[in-house]
Amino acid sequence: GAGVSQSPRYKVAKRGQDVALRCDPISGHVSLFWYQQALGQGPEFLTYFQNEAQLDKSGLPSDRFFAERPEGSVSTLKIQRTQKEDSAVYLCASSFGTTNQPQHFGDGTRLSIL
Amino acid sequence: AQKVTQAQTEISVVEKEDVTLDCVYETRDTTYYLFWYKQPPSGELVFLIRRNSFDEQNEISGRYSWNFQKSTSSFNFTITASQVVDSAVYFCASWGFQKLVFGTGTRLLVSP
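Chains as they are written, first to last, in the numbering used here: chain V, 1 to 114; chain G, 1 to 112.
Hints were generated in silico from the structure; no laboratory data involved.
None of the values given here were measured: they were computed from a predicted structure.
All clues given are correct.
Below, simulated DSBU-like cross-link-like pairs (lysine-lysine); rule was C-alpha separation at most 35 Å, straight line:
| id | chain 1 | residue 1 | chain 2 | residue 2 |
| --- | --- | --- | --- | --- |
| 1 | G | K99 | V | K78 |
| 2 | G | K99 | V | K84 |
| 3 | V | K11 | G | K38 |
| 4 | G | K38 | V | K14 |
| 5 | V | K84 | G | K3 |
| 6 | G | K3 | V | K57 |
| 7 | G | K70 | V | K57 |
| 8 | V | K11 | G | K99 |
| 9 | V | K14 | G | K99 |
A short list of chain V residues far from chain G (calculated; beta carbon distances all over 12 Å):
| id | residue |
| --- | --- |
| 10 | K14 |
| 11 | G16 |
| 12 | L21 |
| 13 | R22 |
| 14 | D24 |
| 15 | S62 |
| 16 | R64 |
| 17 | F66 |
| 18 | S73 |
| 19 | K78 |
| 20 | S112 |
| 21 | I113 |
With the Cβ distance kept under 7 Å, some of the chain G side facing chain V (calculated, not the full set):
| id | residue |
| --- | --- |
| 22 | L45 |
| 23 | F91 |
| 24 | G105 |
Backbone N, C-alpha and C define an ideal beta-carbon position, used for all residues, glycine too.
From just these sequences and the hints, can you work out the full model?
Next up, the structure:
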């Protein structure tokens, strides 16, 4: 497709379960970003990839959060042993070149932890 | 550290009114970029504009215009003759240190 694609659109999990969120960036985009957006707030940076290299993971809230982009295209954000405070919308974005280029966002995955 | 402040939480206008959304940024970088994004109810963030710190020229795109003033660290966004379809949350963001930092957003409600 032409835009950034994220799946699933909605995810409900019980506390303690592991979840995996997928992001398919725009073809040819080198940079990929993950953000967490709490209700009523702006997106907050989680992590950044340039091709397959994870260059910045300073925004990941705990070691339960893990992201990968093994072949430099599709990325997966995994959350282990989910907690209620992990409930949020997780946004993926990609950009063509350097990180100051406009980022193109997907529709997000709304994660609810019961 | 960077910071973006959008003091207006919510603005309500009637169609055809002009509306200005305020954005104040803080950064220690001499080179930085500022962005505006629109988030309609569907949730996807839509890129509107990017400005770099060396270009203070105002920009107009149709009904949208942006006023960048380094002296006041502001990057305000004006919608002229607002329409119902403009209803959304608008985010101002600043890029620096390889990261995009967003404000908390301004919800714009345009009623017919």
